[in-house]
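In my numbering, the protein residues as written are 566 to 890.
No wet-lab data here; the hints were simulated from the structure. Any given hint might turn out to be false.
[Stated by the list, open to error] With a straight-line cut-off of 20 Å between C-alpha atoms, the simulated PhoX-like cross-links for lysine-lysine are:
#	residue 1	residue 2
1	Lys685	Lys706
2	Lys748	Lys706
3	Lys748	Lys790
4	Lys790	Lys813
5	Lys726	Lys767
[What the hints assert, rightly or not] Derived DEER-like restraints, expressed as beta-carbon distance ranges:
#	residue 1	residue 2	range
6	Arg768	Leu570	41 to 47 Å
7	Phe851	Ile872	22 to 28 Å
8	Thr724	Leu769	24 to 30 Å
9	Thr766	Thr724	36 to 42 Å
10	His713	Thr637	28 to 34 Å
All C-beta atoms in this analysis are idealised placements derived from N, C-alpha and C, irrespective of residue type, glycine included.
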Amino acid sequence: MYYQLEYSLKNAHNEGIWSCDWGEKYTMNTSSNRNTDQSDNNDEKTEETHQTDCIVTGSMDQSVKIWSYDSTVPNLQLHHSLEGAIMAIISVVLNSDATIVASSSLDTNLYLWDTLTGTKLKTITTEPLELWTLVFSPDDKYVLSGSHNGKIIAYNIQTGKHDYSFDTKGAFTMCVAYSPDGKYLACGSFNGFVYIFDVTTKRLVHTIRKGKLHIRSLCFSSDSKYLVTGSDEHVLHIYSVHNTTHLKSLNEHKSWILGLDFAPDCKTFASCSADNTIKIWDVNTFSCINTLRHHTDNVWSVKYNSIGDKMISVSDDNNINVYSK
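Using the sequences and the accompanying hints, generate a full structural model.
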């Protein structure tokens, strides 16, 4: 359960890094093998498919970068540096097969990129303050984002149109998350409220408030049983998704909680904070079992890989850190 620093890439961006995601994608290699019959000059072509890590980061330097990670060296290899935004990148998120990355910027544009080629697929222009933290819908057809008027807006990635929304009728929505089973959408707001929607009916089914300050991060457990929220009050709150029962408050961070992620096996989750630390929590005991202190500035985002044996974190110190069990 304990993680340690495996690799650190210094100055991965020119300015602070605000967001990251870690997925896996399939790549197809075509190789040619000479036919053993010397009288036949035709090549026999074979195709092999393999999985590779796909790591994306978004920064105040206005760029999105796509990386792969080789743990045998270890090393982060940069594949694409994606330019186009004219202001800081707020959020980056991969679709389920890591073929598309969506990024939001303070320039009010939502960008869609092909992770293999680095090609910009689409630019969706929105109204001021209508973009913040992004999430793909479970079917990968939409990218959703909170907005200043409390609506969570769904953008169709094919047409670029705003097809539907979830309305909190509340304050600025700072973070959004889908439950892995696809049943619920949760969002955290500027004024401390957490709203949970039924995805099928798009109706608000639960409203939670345990504080008055910003909810900057929230996430569901991989089995959709738990919801964890993090706020500017330095406190993590854990809820049962089934009935929104409050299960535990965790207050070991010393500053704003900026990012959260659950391990795929649901045994642990990670939180990162403006206190420059990452904490790993045991789900059974709701206790901190590991504190990582390798960044020197705000840690904005932390993500597990698909099997949970590694994590990545990004920070205002411009560095990308990779941790392993």
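Here's how the hints hold up against the structure:
no. : hint                          : result
1   : Lys685 <-> Lys706             : 17 Å, holds
2   : Lys748 <-> Lys706             : 16 Å, holds
3   : Lys748 <-> Lys790             : 11 Å, holds
4   : Lys790 <-> Lys813             : 14 Å, holds
5   : Lys726 <-> Lys767             : 18 Å, holds
6   : Arg768 <-> Leu570: 41 to 47 Å : 45 Å, holds
7   : Phe851 <-> Ile872: 22 to 28 Å : 23 Å, holds
8   : Thr724 <-> Leu769: 24 to 30 Å : 26 Å, holds
9   : Thr766 <-> Thr724: 36 to 42 Å : 23 Å, violated
10  : His713 <-> Thr637: 28 to 34 Å : 46 Å, violated
Taken one by one, the earlier hints fail for this structure at numbers 9 and 10, listed in ascending order.
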